[in-house]
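K.L.:
Order-wise, the sequence lines are chains A and B.
Take the first sequence: its position 67, counting from 1, is numbered 67 in our numbering, and each next residue is one higher.
In our numbering, each number is its position in the second sequence, counted from 1, plus 1000.
Honestly, I wouldn't trust all of these hints.
What the hints assert, rightly or not - These stretches of chain A come out as covered by chain B in the derived footprint (C-beta under 8 Å, 3 or more residues):
id: 1; segment: 12–19
id: 2; segment: 33–45
id: 3; segment: 56–66
id: 4; segment: 110–121
id: 5; segment: 127–134
None of these hints come from the bench; they were simulated from the model.
Beta carbons are placed, not taken as given, at the ideal position from N, Cα and C, and that holds for glycine.
So the chains spell out like this:
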Amino acid sequence: MKYSPDLYILLDWGWGQINATLLFTWLIILLMAGGSWWITRRLSSSTTISTGQNLLEVLVQGMVDHIEEITHRPAHQFLPLVGTLFLFILVSNVLGLVPFFQPPTGSLSTTCAFALLVFVAVPAYGLTTRTLKNYLGQYIRPTILMLPFNILGEISRTFALAVRLYGNVMSSTVIGIVLLIITPLFVPVIMQALGLLTGVIQAYIFALLALVYIASAMEGEKKNER
Amino acid sequence: MSVNWFTVAAQIVNFLILVWLLKRFLYKPVLTVMNKRQQKIKDELEQAATLAKTAEKEKKRYLALQEEVRNRGKEELRQARREADALRKKLFQEVETEAEAAHIRWQDELSREKARFLKEASAQVAGQFQHLAQSAFRDLADADFEENMISHFCALIAKHDTEADFFRQLQNPDKLQVSTAFSLTKSSQDAIRKVLWQRLGVQSDIYFRHEPTLIAGIRVSSNDQKMEWNIHQYLDDFQNELKRFLS
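Could you build all of it, start to finish, from the sequences and the hints given here?
P.N.:
The following block contains the structure:
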């Protein structure tokens, strides 16, 4: 039993491998980008719109409202990163119900990649509203003795972000496999449904935490207040 | 539980590509079309608000106009009623005047008709009566009647003063003519002559003439002047009395 899609190696060049994680990631990218292009190629600004457009508008507007509600800032600067994180994790987790599909989010490599992106994005967004000195100064507050703890906290929350998602998705997959072996009829279905719920919640939690980290990094002394 | 750093790097690249793709094909077009729709709805709402304001203004204007028209209509109705009343009074007055004039004309006509009728009736009655009386007197008159009449005439000339003017104004008292319905006897002629001479104070020439149209009575004349007493006088008096009574 392979509990991570990383373990399904398709191509191996020695310095690099094409595994199931990358393959299913590309499939998801194709599905999301292709679906978006398919639906948005004929958008209408009238009040009569297609079901697909309606779905996308509800989705995008819901994310925009949520972002603005949390950050109290215009959503357009956060939407590409946070929105894509949410959508990718959501689609990945939901497709986990499809037989033989290995969700990329069940790979620690993927969640680490996302966590690293958030880890980089937090200071990047923070420096758009704060000075470098002010931003770095937060690590020595209230005293310089807090510097290692703050750095450790920064790393650990990034690590937690990656591990939480990975753990939930991976555990859901593993439990499904184990139950399928033990009780092959109804119990796996129920657990799959629970896994679906967990997947959606994890997507929301990952995106929400990323947003909160970014938003908190942007708070503090403003650039124009120097 | 291990991390494949090649996969991590690849996933970072994959994710960044996905971010670009979704930004290109999802976020941007959807947000653009939503903003466009929002702007369109905003414009339509503003347009609707403008139209509503315009409609409100138009409504007020039309209400004012309606009120004005109603007031004008009432005023014109009042004016028309006043004019109709005035015209009615005028026409009524004209009709009254005309009716009064017609009534007056009718009364005049009636009066004339009545007068004409009375005249004709009285003339007819008097004429008939006169004719009857004349016939009766003509049938009844004889010499004795004539004598009595002459005696009475003589007594009138001698005693009565009513005919005094005739004798005073006679222009030619020397020549008189006495007319009677019957031929007078000699004694009657003498009696008349005697009375006339006494009355005139001169012995004028007196001629006697037989005139049947007198029926009964006697006439004394000189040139155009005359004095007479006969049945005609009574009949004329009767005729006048009858006319006066009928009128």
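K.L.:
When the hints from earlier in the document are held up against this structure, which numbers fail?
P.N.:
Hint 5 is the one this structure does not satisfy, whereas the remaining hints hold.
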